[in-house]
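With these hints in hand, go ahead and build the complete structure from the sequences.
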Amino acid sequence: MENKQIIKILKNTAKLMELHGENDFKVKSYQSAVSSLERHPTSLAIMDIDELQNIEGVGKSLAQSIYQINEQGSFELFDDLSAKTPEGIVEMMQLSGFGPKKIKLIWEKLGIENLEDLLIACKENKIAALKGFGDKTQVKLQEAVEYKLSWRGYIHYREAEQLAEKIIKELKSLEGVKEVSITSDTRRKMEVIKPLEILVASENKAKIIQYVAKNDEFDLDKKNSGPLSLKFIYKPLKAEIHLIFTTKEQFVNDLFKTTAHPKHLNAELEKGESFSHILKEKQFSSEEEIYKASGFPFIVPELREGLWELNWAKENAIPDLVEMNDLKGILHNHSTYSDGKNSLEEMAQYCKDLGYDYLGISDHSKTASYANGLQEFRVKKQHEEIDVLNEKLAPFKIFKGIESDILNDGSLDYANDVLESFDFVVASIHSPLSMDEKTATNRLINAIANPFTTILGHPTGRLLLQRKGYPINHKAVIDACAEYGVVIEINAHPWRLDLDWRYVRYALDKGVQISINPDAHETNGYHDMYYGLCVGRKAGLTAKETFNAKSLDEISQYFKDRKKSALSKI
DNA sequence: GCCGTTTTCGGCCCGACTGTTTTCAGTCG
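Residue 1 is where the first sequence starts when you use full-length UniProt numbering, and the numbers rise one by one after that.
Please keep in mind that the hints were generated in silico from the structure rather than gathered at the bench. Treat the hints with care, as some may be off.
[Claimed, not checked] Below, computed lysine to aspartate or glutamate pairings styled on DMTMM-like, alpha-carbon distance capped at 20 Å: (1) Lys126 - Glu116; (2) Lys235 - Glu170; (3) Lys397 - Glu345; (4) Lys280 - Glu268; (5) Lys271 - Glu281; (6) Lys126 - Glu113; (7) Lys392 - Glu346; (8) Lys544 - Glu281; (9) Lys475 - Asp436; (10) Lys169 - Glu203.
[Said to hold, decoys possible] Distance windows between CB atoms, simulated: (11) Lys60 - Gly226: 37 to 45 Å; (12) Glu384 - Ser61: 37 to 45 Å; (13) Ser285 - Thr439: 28 to 36 Å; (14) Thr439 - Lys207: 55 to 63 Å; (15) Asn316 - Glu281: 19 to 27 Å; (16) Glu483 - Lys178: 54 to 62 Å; (17) Ser431 - Glu146: 19 to 27 Å; (18) Ser43 - Gly295: 49 to 57 Å.
Ideal Cβ positions, reconstructed from N, Cα and C, are used throughout, including at glycine.
Structure follows, in structure tokens:
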């Protein structure tokens, strides 16, 4: 079992303990073990009980629990607590801004056990009357419930892609299956997915139905399934999956039809016809042929949104989209200096092993005390270590960066003489996150105007399917970046993908450079770069417009020039 | 439940912010 899965169970156990009124210190011991385990760099699954006990915050009892979770997938305490907690309560505890204490009160005083009833209670003004609640909390709760309900059943792209790969592999092994492909939103690499759709050409539907019906992880939706499609739920993620049936002959036409957004499919082409019309004319054997028949150049699936790609195609000016091997370095990463799992050297070595030429390390700044943010003397220490490593790993280079918290007034949280010591500065907001649009926008613009800011980090602070992020005036923020020469990141973590690709297009039109940053907190985090790349491509991002596609020499010079300019402005 | 010992049990516990209080609890990063 992966560390992440084990930790998730312990984290949920702590939440349930709190919900059921367990001793606060006992809960805290679970929470502190969780935060220690989250920073543990090696696999827990291969450790015995004695070794587990050596981990800080893990004693005899937790060591045995971890061992049991790894062996059996769960442990008694979690099972007992889960058994006495309605599923809706678990969902209520996931509401952003609301923890076990508040949910416990709502459950006990009002008997509410699901999101739907909770929404009604908000509307009927019943929440504000509870002790410890008030009007503002009720409004916040209602917003959180509505947000949660509106995204129910969605999964992140990463999960959709991984799940699709697994199902496709299994379908391909079935008798009678001729062709299989992901399609619709997933093939267009949308950031969140519902339903996950897979197109299957098969001569033996019965085999497929049998495969779904027999799989314990699937819950077949007989009512909504029929001769054209099979619908079911993937239980571990509560994800909706549709298998769309077609024939081998119709496969390409149907793949095109189900992939494209209706606005792409039905857009008026040169002679007044649309792709829909063209598809009715004949059965094509490749998507390239379909575009050829339309008189258009080939358009990759992720661009088929009916937004800007057809104008590009008409002018035969589809951008040469950025690819993984265009990326020369990885910026915005954390190490054990703050809240990362791996040491500076491990982060650097792995980055080098992956074939990149440079790494930008940007641990948390001093305000982020929860994340072990760097006080000034620790910044100095890290810079000394980077100097040593740079000699050792040359020509590979580590750039000295920081993820500086943007404070309430938009200032960065070091004095200029400290800011000056970095090669680059990623400026990000971490708290507080609840602001109105004007406050948030001004706060960001102040940080952008700081001459030491190189990159704007995760501009909205959103966590897809979990929290909306603070509202900002995107255009004003992007315009400011254009004015002050600040690069904007696409935070490539699959839960963030922030800046949103829809605004990446606007940023590119304004000449703002985009950096695809994984915000890695461990070596494995580098692989998230791919998800940032996917959404960048949706916006038409090219290598030339991608900041971390610069060569080592180019980016060194850029940082140098930028600092020179900053020093002349202070 | 964990830790560190005065080795058998008492103390544990970041800090800012919000919204509720009327001095603090809950939540978050």
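* Which hints, by number, does the structure contradict? -> Failing hints, ascending: 8, 11 and 13.
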